[in-house]
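*Asks:* Given the sequences, and given the hints that come with them, work out the whole structure.
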Amino acid sequence: MKQAGRYEPYSYFQLMEVSLRELLVEKGVVTDDAIAGAMAAMRARGPERGAAMVAHAWLDPAYKARMLADGSRAAEELGFEVPGLRLIVVENTSQAHNVIVCTLCSCYPRMLLGLPPEWYKSRPYRSRVVREPRKVLAEFGTKISPKLKIRVHDSNADMRYMVLPLRPEGTEGWSEARLATLVTRDCLIGVAVPTLPKISKTRKSK
Amino acid sequence: MGGLPAGKVRRSEHAYDDWELRVDAMMMLLVGVVGDAKRMTVDELRKNVEALTPEDYDKIGYYDRWVISLTQTMIQRGVITTDELAKKLVAVQKRGQTSISRPKRARSR
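So the sequence lines, in the order shown, correspond to chains A and B. Mapping the first sequence onto the working numbering, position 139 (from 1) lands on 139, and the numbers just tick up by one. Mapping the second sequence onto the working numbering, position 8 (from 1) lands on 8, and the numbers just tick up by one.
Since the hints were derived computationally from the structure, they do not count as laboratory data. Since we're looking at a predicted model, the values are computed, not measured. Even glycine gets a Cβ: it sits at the ideal position worked out from N, Cα and C. Any given hint could be a false lead.
[To be verified] Derived CB-CB ranges, DEER-like: (1) A:Arg178 x B:Lys87: 24 to 32 Å; (2) A:Glu176 x B:Leu4: 35 to 43 Å; (3) B:Ser12 x A:Arg131: 15 to 23 Å; (4) B:Leu4 x A:Thr181: 33 to 41 Å; (5) B:Glu50 x A:Ser94: 21 to 29 Å; (6) B:Lys87 x A:Arg73: 42 to 50 Å; (7) B:Ala51 x A:Arg131: 24 to 32 Å; (8) A:Ser11 x B:Ser12: 16 to 24 Å; (9) B:Asp18 x A:Pro146: 29 to 37 Å; (10) B:Lys87 x A:Leu59: 55 to 63 Å; (11) B:Lys94 x A:Val25: 12 to 20 Å; (12) B:Leu4 x A:Arg178: 25 to 33 Å; (13) A:Arg123 x B:Lys94: 35 to 43 Å; (14) A:Arg73 x B:Gln93: 22 to 30 Å.
*Replies:* This is the structure in structure tokens:
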């Protein structure tokens, strides 16, 4: 672990972290190796996993059906473990847009998307997105047509949601890997929708 | 807090410090999501986070809340005692300085 070379006293909470950890290690509850392993595994998880599932579902209707029936199993099919909880994938359609939140705390499909952004855990997002989702989405630059319903899904300790966005028009013939690049973390949360990168009209995209 | 009035969503990311990731890792291990060290449930984590006063909840950072809750839960579960914790806190503090650098970002709320 690279150290910054600055030596500063522990904050109160860091002091508590060190103390708790050392006690748990001394008592044989956890090991330093197990903690390091869990940290490394968490660092390795990112939205690419969710994006891979979405791109796969866009190209394979049978997989999409399995994914909507059982998100956890569909994740495992692509080699992503989602232990200990139920993953529910909610599909955006021409009638409805989905967005996820955890009003109670910060439940998030972390096994597929990595750790949540700070705003997802913040009071304003958790308070407001269930009440005025359209306004909150607009603050993210995402305008949802008034014709569409917005469904807000509140996660909990046992079940997590992930959004299956609509495949953008103009992506016919794209490879799975290329499609996956359109699916950002915010699309999987539902505060954004996949869009094609802007290209100048004189140049054709590859 | 769902449905309560609140301000604009500040689109901030969370740059995770090592100590925060260690707290996260301890949670994953203690609730048994990974490994076989299960000593608690996620519901206990939340219960003890919610035991904070609303003022404290908003004043301290996300992983600050977690480390308090994990410690409290381990005491409630009898995994550690308050006496052991008190002695350990003093010993660690005496050891003094750490090379964990403080983040430059604003504290998470």
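*Asks:* Hint by hint, say whether it matches the structure.
*Replies:* Here is what the structure says about each hint:
Separation of Arg178 (chain A) from Lys87 (chain B) is about 58 Å and departs from the stated range, judged on CB atoms against 24 to 32 Å. A hinted range of 35 to 43 Å for the beta carbons of Glu176 (chain A) and Leu4 (chain B) is consistent with their spacing of about 42 Å. In this structure the supplied range 15 to 23 Å holds for Ser12 (chain B) paired with Arg131 (chain A), their Cβ-Cβ distance being about 21 Å. Checking the proposed 33 to 41 Å range against Leu4 (chain B) and Thr181 (chain A) shows it holds: the Cβ atoms sit about 37 Å from each other.
A beta carbon spacing of about 40 Å between Glu50 (chain B) and Ser94 (chain A) contradicts the range 21 to 29 Å that was offered as a hint. A C-beta distance of roughly 48 Å is found between Lys87 (chain B) and Arg73 (chain A), which places it inside the suggested range of 42 to 50 Å. Between Ala51 (chain B) and Arg131 (chain A) the Cβ separation comes to about 26 Å, which falls inside the hinted range of 24 to 32 Å. The hinted window of 16 to 24 Å between Ser11 (chain A) and Ser12 (chain B) holds, with their beta carbons roughly 20 Å apart.
Checking the proposed 29 to 37 Å range against Asp18 (chain B) and Pro146 (chain A) shows it is violated: the Cβ atoms sit about 46 Å from each other. Look at Lys87 (chain B) against Leu59 (chain A): about 59 Å separates their beta carbons, and that is inside 55 to 63 Å. In this structure, Lys94 (chain B) and Val25 (chain A) meet the distance hint of 12 to 20 Å, their C-beta atoms being roughly 19 Å apart. Between Leu4 (chain B) and Arg178 (chain A) the C-beta distance comes to about 42 Å, which lies outside the given range of 25 to 33 Å.
Here the CB-CB span from Arg123 (chain A) to Lys94 (chain B) is close to 37 Å, well matched to the stated 35 to 43 Å. Our hint of 22 to 30 Å for Arg73 (chain A) and Gln93 (chain B) is violated, since their Cβ atoms are close to 48 Å apart.
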